[in-house]
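Required output: the full structure, derived from the provided sequences and hints.
Numbers given in our numbering equal positions in the sequence shown, counted from 1, plus 33.
Derived by calculation from the structure, the hints in this document are not laboratory data.
It cannot be assumed that every hint is accurate.
Listed next, the in silico DSBU-like pairs over lysine-lysine satisfying Cα-Cα at most 30 Å (straight line) [unchecked claim]:
#  : residue 1 : residue 2
1  : LYS185    : LYS266
2  : LYS281    : LYS301
3  : LYS157    : LYS222
4  : LYS301    : LYS338
5  : LYS356    : LYS248
6  : LYS213    : LYS191
7  : LYS338    : LYS400
8  : LYS192    : LYS153
9  : LYS416    : LYS213
10 : LYS185    : LYS95
11 : LYS429    : LYS157
12 : LYS412    : LYS377
These numbers were taken from a predicted model, which means no experiment stands behind them.
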Amino acid sequence: MNIIFLTLVDINSLDERGIYQDLLRKFRNEGHNVVVVSPVERRRNISTHFKESAEGSILKVKTFNIQKTNIIEKGIGTLALEFQYLSAIKKYLSHKKFDLILYSTPPITLVKVIEYLKKKNNAKTYLLLKDIFPQNAVDMKLLKEGGVLHRKFVNKEKKLYRISDTIGCMSPANAKFLLKHNPEIVPEKVEVNPNTIEPVSFNYTPEEKNNIRRKYGIPTDKKVLVYGGNLGKPQGLDFLLDTIAATKDPEAFFLIVGEGTEFDRIQKWFNDLKPVNAKLIKRLPKDDYDRLLTACDIGLIFLDKNFLIPNFPSRLLSYLEMKMPVIAATDPNTDIGDIIEEAKCGYKVIAGDQKEMQAKLQLILHKDNLQELADNAEKLLLKEYLVERSYNLIVKRA
34 MNIIFLTLVD INSLDERGIY QDLLRKFRNE GHNVVVVSPV ERRRNISTHF
84 KESAEGSILK VKTFNIQKTN IIEKGIGTLA LEFQYLSAIK KYLSHKKFDL
134 ILYSTPPITL VKVIEYLKKK NNAKTYLLLK DIFPQNAVDM KLLKEGGVLH
184 RKFVNKEKKL YRISDTIGCM SPANAKFLLK HNPEIVPEKV EVNPNTIEPV
234 SFNYTPEEKN NIRRKYGIPT DKKVLVYGGN LGKPQGLDFL LDTIAATKDP
284 EAFFLIVGEG TEFDRIQKWF NDLKPVNAKL IKRLPKDDYD RLLTACDIGL
334 IFLDKNFLIP NFPSRLLSYL EMKMPVIAAT DPNTDIGDII EEAKCGYKVI
384 AGDQKEMQAK LQLILHKDNL QELADNAEKL LLKEYLVERS YNLIVKRA
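As structure tokens, this is what we get:
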């Protein structure tokens, strides 16, 4: 098949690691031709360009700054994507024929691009639903429900679902929410197609792990609980900071690694309180981050307690890949905590319940056999989240 993939992720090679790169690499390795359409933000001063290769061709489209920027530029940039992507595709890819159009949310604003490609190529369309927008923005009070902008985005959302032949949701709760709030969607076109990866094996000795900890100034005699990833409003990170302040157990050391709109505020909190049981590190390159993860003991997931949509953060896969037990502090609507507990590889907490969080921390910090949870984490990854699962689901629908 000839496949075009539309994304907001900055992809420069299919040999990078990530949920989309791993999936596209699987398609390539199975003999399919892959073209990626990916943004290059204006802050990088790089023009739109197309690099064709048998290893996977990539069209980089110059856009406004849409990641880690102010809400006004992000909003304008998101709305402008449709024109920018469509213009670039017509200029660089008009001679190509595609059998499958693969795309993810965010954003929902590429409807005209997908319509154009579908009509021109008579191609199948497959949506990887990673974000339910604009409801998530309403949950975060970034959009007024029923307002002009909200109605505009809802219309685009509905149209995106309508032109998608298949919608792959991240979890059963995700699929259930989608169908409940969009009764016009034919249930047969919705399936669970979770975040998946091609795992890499990391085999470091205890001494090598201690050396990694020393490099970053992390104690070698503590159990390290790591939160890695985006530091933004949707993560509800006040509860993470409250947890650090409330945790008095001498066994525990918290590590936060990432960047995002909340980074400066979190850094100020660290500068003001100077916690002895925690460290903040700005985002690391993927390889360095993976090495650091191998030296940690327990993975942390946080989501804002006000979410009505059932999010399913992809950082879970990074923890499972490292054979790491997980504590998920989330809203009550997502099923990520249930899946973790059913797999016996960690615990769930309702975000904001510090008493429950401290109880689960005690369970995991002083569990006689932490290795059992770690082994179950690996089993969960191998059972549910290998890239072959996503690939096979998509191919059946193509």
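Here's how the hints hold up against the structure:
Only pairs whose Cα atoms come within 30 Å are accepted, and LYS185 paired with LYS266 is accepted, the gap being roughly 23 Å. The straight-line distance between the Cα atoms of LYS281 and LYS301 is roughly 21 Å, inside the 30 Å bound, and the hint therefore holds. Under the criterion of a C-alpha separation no larger than 30 Å, the hint pairing LYS157 with LYS222 is consistent with the structure, at around 12 Å. Under the criterion of a C-alpha separation no larger than 30 Å, the hint pairing LYS301 with LYS338 is consistent with the structure, at around 23 Å.
Using a Cα cut-off of 30 Å, the hinted pair LYS356 and LYS248 holds, with the two alpha carbons roughly 22 Å apart. Note on LYS213 and LYS191: the hinted pairing holds, with a Cα-Cα distance of about 13 Å set against a maximum of 30 Å. At most 30 Å may separate the alpha-carbon atoms for a hinted pair to count; LYS338 and LYS400 meet this at roughly 27 Å. Restraint check for LYS192 and LYS153: satisfied, since their Cα atoms lie roughly 18 Å apart, inside the 30 Å limit.
Taking the CA atoms of LYS416 and LYS213, the gap is about 28 Å. The hint holds against a cut of 30 Å. Proposed proximity of LYS185 and LYS95 is supported: the alpha carbons are some 24 Å apart, at most 30 Å. For the suggested pair LYS429 and LYS157, the alpha carbons sit about 11 Å apart, so the restraint of at most 30 Å is met. Of the supplied pair hints, the one linking LYS412 and LYS377 holds, its CA atoms being roughly 10 Å apart against a limit of 30 Å.
Violated hints: none; the structure is consistent with every hint.
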